[in-house]
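Novice: Chain by chain, the residues:
Protein chains: 2
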Amino acid sequence: MKVGFIGLGVMGRPMAKRLLDAGNELFISRVKSPSEFLVDAGATACANPREVAEAADIVIVMVPRTEDVEQVLFGADGAAEGLRPGSLLIDMSSISPVATREFAERIRGGGTSYVDAPVSGGDVGALAGTLSIMAGGEAEDFERARPLFDVLGANINLVGDVGAGQTTKVANQIIVAGTIQAVAEALILAEAAGADPAKVRAAISGGFASSKVLEVHGQRMIDEAFEPGFRIRLHHKDLEIAMSAAEALSVELPATRQMEQLMASAMHSGLGDLDHSALFAQLRGSQAADSGAP
Amino acid sequence: MKVGFIGLGVMGRPMAKRLLDAGNELFISRVKSPSEFLVDAGATACANPREVAEAADIVIVMVPRTEDVEQVLFGADGAAEGLRPGSLLIDMSSISPVATREFAERIRGGGTSYVDAPVSGGDVGALAGTLSIMAGGEAEDFERARPLFDVLGANINLVGDVGAGQTTKVANQIIVAGTIQAVAEALILAEAAGADPAKVRAAISGGFASSKVLEVHGQRMIDEAFEPGFRIRLHHKDLEIAMSAAEALSVELPATRQMEQLMASAMHSGLGDLDHSALFAQLRGSQAADSGAP
Numbered sequence: 001m002k003v004g005f006i007g008l009g010v011m012g013r014p015m016a017k018r019l020l021d022a023g024n025e026l027f028i029s030r031v032k033s034p035s036e037f038l039v040d041a042g043a044t045a046c047a048n049p050r051e052v053a054e055a056a057d058i059v060i061v062m063v064p065r066t067e068d069v070e071q072v073l074f075g076a077d078g079a080a081e082g083l084r085p086g087s088l089l090i091d092m093s094s095i096s097p098v099a100t101r102e103f104a105e106r107i108r109g110g111g112t113s114y115v116d117a118p119v120s121g122g123d124v125g126a127l128a129g130t131l132s133i134m135a136g137g138e139a140e141d142f143e144r145a146r147p148l149f150d151v152l153g154a155n156i157n158l159v160g161d162v163g164a165g166q167t168t169k170v171a172n173q174i175i176v177a178g179t180i181q182a183v184a185e186a187l188i189l190a191e192a193a194g195a196d197p198a199k200v201r202a203a204i205s206g207g208f209a210s211s212k213v214l215e216v217h218g219q220r221m222i223d224e225a226f227e228p229g230f231r232i233r234l235h236h237k238d239l240e241i242a243m244s245a246a247e248a249l250s251v252e253l254p255a256t257r258q259m260e261q262l263m264a265s266a267m268h269s270g271l272g273d274l275d276h277s278a279l280f281a282q283l284r285g286s287q288a289a290d291s292g293a294p
Numbered sequence: 001m002k003v004g005f006i007g008l009g010v011m012g013r014p015m016a017k018r019l020l021d022a023g024n025e026l027f028i029s030r031v032k033s034p035s036e037f038l039v040d041a042g043a044t045a046c047a048n049p050r051e052v053a054e055a056a057d058i059v060i061v062m063v064p065r066t067e068d069v070e071q072v073l074f075g076a077d078g079a080a081e082g083l084r085p086g087s088l089l090i091d092m093s094s095i096s097p098v099a100t101r102e103f104a105e106r107i108r109g110g111g112t113s114y115v116d117a118p119v120s121g122g123d124v125g126a127l128a129g130t131l132s133i134m135a136g137g138e139a140e141d142f143e144r145a146r147p148l149f150d151v152l153g154a155n156i157n158l159v160g161d162v163g164a165g166q167t168t169k170v171a172n173q174i175i176v177a178g179t180i181q182a183v184a185e186a187l188i189l190a191e192a193a194g195a196d197p198a199k200v201r202a203a204i205s206g207g208f209a210s211s212k213v214l215e216v217h218g219q220r221m222i223d224e225a226f227e228p229g230f231r232i233r234l235h236h237k238d239l240e241i242a243m244s245a246a247e248a249l250s251v252e253l254p255a256t257r258q259m260e261q262l263m264a265s266a267m268h269s270g271l272g273d274l275d276h277s278a279l280f281a282q283l284r285g286s287q288a289a290d291s292g293a294p
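Which chain is which? The protein sequence lines are A and B, in order. Using my numbering, you'd call the opening residue of the first sequence number 1 and step up by one each time. Using my numbering, you'd call the opening residue of the second sequence number 1 and step up by one each time.
One or more hints might be untrue.
Note that identical chains are pooled: a pair holds if it fits in a single copy or bridges any two copies.
[To be verified] Think about it this way: if two alpha-carbon atoms lie no more than 25 Å apart in a straight line, the pair counts; the simulated SDA-like pairs of lysine to any residue are: (1) Lys-212 to Ile-156; (2) Lys-212 to Ile-222; (3) Lys-212 to Pro-254; (4) Lys-199 to Thr-130; (5) Lys-199 to Asn-155; (6) Lys-237 to Ala-202; (7) Lys-212 to Arg-257; (8) Lys-237 to Glu-138; (9) Lys-199 to Val-151; (10) Lys-32 to Ala-47; (11) Lys-199 to Glu-240; (12) Lys-237 to Gly-23; (13) Lys-212 to Ala-55; (14) Lys-2 to Gly-285; (15) Lys-237 to Pro-197; (16) Lys-199 to Glu-105; (17) Lys-199 to Ala-99.
Think of the hints as simulated: they come from the structure by calculation, not from any bench.
Turn these sequences into a full structure, and let the hints guide you.
Specialist: So, in structure tokens, the structure goes:
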């Protein structure tokens with residue numbers, strides 16, 4: 001299959017390599033030194049997203065932010081200029097579900113199909129081809145993308161219409177953040193009350209407090225082992241998307257708003273490149289500051 | 001064993017009955033009509049907590065609030081007057097861990113051992129003898145209480161010194177509340193963004209967002225099935241304990257504070273006797289109010 005790949009960052013590079021290794025003809029844009037290995041492995045370097053879209057039947061976008069997607073699609077020499085009826089655009093970036101529906105409308109206006117398919121699983125999952133893929137779009141477009149998704153991911157779901165993938169990703173990130181903060185506050189209180197947080201965690205595991213976060217991130221908090229994992233900086237970006245979507249939809253999300261602010265504070269404290277379980281350290285550190293302790 | 005039981009409410013009655021059925025000699029106080037069946041079944045009615053403590057070797061307290069424990073222990077004709085060296089006081093109420101340590105110090109001053117052992121599992125667990133029991137105290141006192149705990153519960157843990165049981169219960173309730181709120185906000189955003197909350201929930205189950213709450217309470221939110229379960233009113237009480245402990249220990253718990261306020265708002269909206277998954281309805285209802293929708 002002729003596949004275009006726009007956005008060769010930490011996630012995009014291993015994903016593009018897997019697609020190439022699976023036998024697809026790969027077209028990439030703006031090749032910088034970290035992605036030259038893809039050309040060496042057989043990918044075709046194009047001058048810009050427009051040329052990628054002209055050369056490929058399916059174009060995947062994997063860039064950091066909503067404005068980056070807008071730029072590579074609709075900026076000068078953007079992919080939209082090269083897409084045509086019958087093309088399929090798959091945006092695997094994690095961006096605003098509201099903006100996604102606008103982008104899809106514009107792209108579909110030109111006769112090109114659009115699927116949003118953000119992922120979770122990080123660069124480890126991208127390398128291993130075990131990403132979770134949360135997709136939104138028409139069922140026939142999803143089925144057309146499916147062979148590529150199968151190369152990239154392990155847990156692949158079509159959730160609904162365009163935007164539903166991004167919405168699902170945002171929902172996931174809200175729940176993970178909220179659970180991390182709740183576990184952190186519970187363990188901080190336990191510690192302050194003189195209990196052993198490890199024993200508290202063990203005693204409540206298995207009941208209604210049990211979660212993947214209590215299991216994994218709770219242990220990291222107890223060990224104070226905060227190497228990423230998933231960086232606070234990236235999770236903060238996802239909660240910014242959640243809040244901008246909430247504002248666009250006139251929805252109040254008080255806990256999500258607070259978590260976004262907590263993560264911003266953690267970045268301000270220099271914790272942005274630590275695992276999101278380090279919100280425990282941010283919350284505990286603020287206690288010391290509040291109490292005037294050294 | 002000569003067991004005293006003070007506090008024969010919705011939880012205490014089935015617990016006392018199980019202890020009686022297990023062959024213990026049971027002494028109860030202030031018998032009102034709902035607990036007369038215990039006397040019919042062989043329990044001895046005493047005039048007050050002091051007489052219960054005089055008659056029994058182990059005295060269990062199971063009352064609603066911190067001030068109730070203080071009253072039955074240290075009020076007029078309180079249990080403290082009847083306890084003696086060698087007695088064991090087990091407080092199975094869910095109360096402040098900070099107050100618990102004060103009560104234990106006073107009781108131990110008279111030579112009586114003290115174990116705090118709050119439970120979770122509700123009246124269903126009390127009837128079935130499947131409560132989770134989170135205990136704090138000396139190991140030898142815990143072992144002495146163990147045969148009674150085995151009659152009452154299934155998941156029984158000694159977490160640490162006196163107060164650790166209450167601390168564990170509070171930690172559990174913080175995590176459950178925080179996870180419920182995060183799941184509720186995620187599903188509310190999903191719905192507002194036009195996605196099917198049931199499909200979103202299914203897509204993220206199994207990943208880092210997975211929890212017992214997403215499984216059980218998430219489904220209740222989707223079904224809008226809010227019969228208790230565990231009532232908002234009771235969970236609010238537990239978060240009040242969390243906040244009063246946090247204040248006593250000079251710990252800031254921003255998410256817990258917000259959850260306590262959300263539950264208070266839900267009670268104000270008449271949802272206090274619904275399951276705590278109805279926080280979804282409270283949060284969603286406040287959207288309609290904010291947006292001026294009917």
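Novice: Checking against the hints above, which ones are violated?
Specialist: 8, 12, 13, 14
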